[in-house]
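If you read the sequences in order, they're chains F and U.
117 is the number that my numbering gives the last residue of the first sequence; the numbers go up by one with no jumps.
230 is the number that my numbering gives the last residue of the second sequence; the numbers go up by one with no jumps.
Derived by calculation from the structure, the hints in this document are not laboratory data.
A few of these clues could be false.
Below are the BS3-like pairs computed for lysine-lysine, each with C-alpha atoms no more than 25 Å apart in a straight line [to be verified]: (1) U/K159 - U/K200; (2) F/K109 - U/K174; (3) F/K96 - U/K200; (4) U/K159 - U/K195; (5) U/K174 - U/K159; (6) F/K109 - U/K200; (7) F/K55 - F/K78; (8) F/K55 - F/K96; (9) F/K70 - F/K96; (10) U/K159 - F/K70; (11) F/K78 - F/K96; (12) U/K200 - U/K174; (13) U/K159 - F/K109; (14) U/K159 - F/K73; (15) F/K78 - U/K159; (16) F/K73 - F/K55; (17) F/K78 - F/K109; (18) F/K55 - F/K70; (19) U/K174 - F/K96.
FRET-style restraints, in silico, Cβ to Cβ [stated by the list, open to error]: (20) F/D81 - U/Q181: 22 to 30 Å; (21) F/I46 - U/L147: 20 to 28 Å; (22) F/T18 - U/R197: 46 to 54 Å; (23) U/Q181 - F/E17: 41 to 49 Å; (24) U/T130 - F/K70: 41 to 49 Å; (25) U/K200 - F/E52: 33 to 41 Å; (26) F/T3 - U/I171: 18 to 26 Å; (27) F/K55 - U/S198: 43 to 51 Å.
A virtual CB, placed ideally from N, CA and C, is assigned to each residue, including glycine.
Each chain is listed here by its residues.
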Amino acid sequence: AQTVTQSQPEMSVQEAETVTLSCTYDTSESNYYLFWYKQPPSRQMILVIRQEAYKQQNATENRFSVNFQKAAKSFSLKISDSQLGDTAMYFCAFMKQSGGSNYKLTFGKGTLLTVNP
Amino acid sequence: EPEVTQTPSHQVTQMGQEVILRCVPISNHLYFYWYRQILGQKVEFLVSFYNNEISEKSEIFDDQFSVERPDGSNFTLKIRSTKLEDSAMYFCASSGRTGSGYTFGSGTRLTVV
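Chain F with its partners taken away, still in its complex shape (with noise of 0.2 Å):
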């Protein structure tokens, strides 16, 4: 079974600087997908970024990029340039390549991130 950990309950940011948010998974599977889910106060899951393992180059989007260490099984999420509307609950997220026909997701506990201005 997956599991993903992610150690930062917690985290605070001033607008206009870059955070880091950490998080760590176990599995056995050579292939799979990584993701990061914001949640804000409306509770709406948002897709953020997806990351296929087996590719080694870094995923961007805009302002929002990952450092995927594989053989560490780590995958941070660093938000740059920080705006009052990334406040929000950040879930990492695991997904096997190989599902079959189901593709769960598995989630990390999550980081509340609060950005300040």
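Here the structure of chain F is known, so what remains is to put chain U in place on it, guided by the hints.
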């Protein structure tokens, strides 16, 4: 952009009552899911559904739970006899090809009193 629609957004029910949570997945998606999030806790997998049958369910998804895709568009989660501990946010999600990441609905907040 296509959306997953969930109704109602908030439901209050008495313990022991049956509830049906409704979802309209994205029309060309093939995989459908229900997840649960108890307030302040992590998001937990309940069940996945593909080709008109359950493909996997968690230990949370006991005999009190059932899912159905009664027509080509709706996907429902039924809780037969609600308990206080069923109070949570319930998210429906759908996905197309594997690894694309889900699209989640905005959730139904279920409160059992």
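Between F/K55 and F/K78, is the straight-line Cα distance small enough, at 25 Å or below?
holds, 18 Å
Tell me if the beta carbons of F/I46 and U/L147 are separated by a distance inside 20 to 28 Å.
Given about 22 Å between the Cβ atoms, the range holds.
Verdict for F/K55, U/S198 (Cβ pair) under range 43 to 51 Å
Given about 47 Å between the Cβ atoms, the range holds.
Is the Cα-Cα distance between F/K55 and F/K70 25 Å or less?
holds, 10 Å
CA of U/K159 to CA of F/K109, is that 25 Å or under?
Satisfied, since the Cα-Cα distance of roughly 5 Å is no more than 25 Å.
Holds or violated: F/K78 with U/K159, Cα cutoff 25 Å?
holds, 21 Å
Going straight from one Cα to the other, do F/K70 and F/K96 come out at no more than 25 Å?
At roughly 14 Å apart (the allowed maximum being 25 Å), F/K96 and F/K70 satisfy the hint.
Check whether the Cα positions of F/K73 and F/K55 lie no farther apart than 25 Å.
Given that 25 Å is the threshold and the Cα spacing comes to 14 Å, the pair holds.
I want to verify a distance hint. Is the separation of the beta carbons of F/T3 and U/I171 within 18 to 26 Å?
holds, 24 Å
Distance restraint between F/K109 and U/K174, which requires alpha-carbon spacing of 25 Å or less:
Given pair F/K109, U/K174 holds - Cα atoms ~20 Å apart, limit 25 Å.
CA of U/K174 to CA of U/K159, is that 25 Å or under?
Holds - the C-alpha atoms of U/K159 and U/K174 are around 17 Å apart, at most 25 Å.
For a C-alpha distance cap of 25 Å, please report whether U/K159 and F/K70 respect it.
holds, 24 Å
Going down the numbered hints, you'll see the structure goes against 3, 20, while the others check out.
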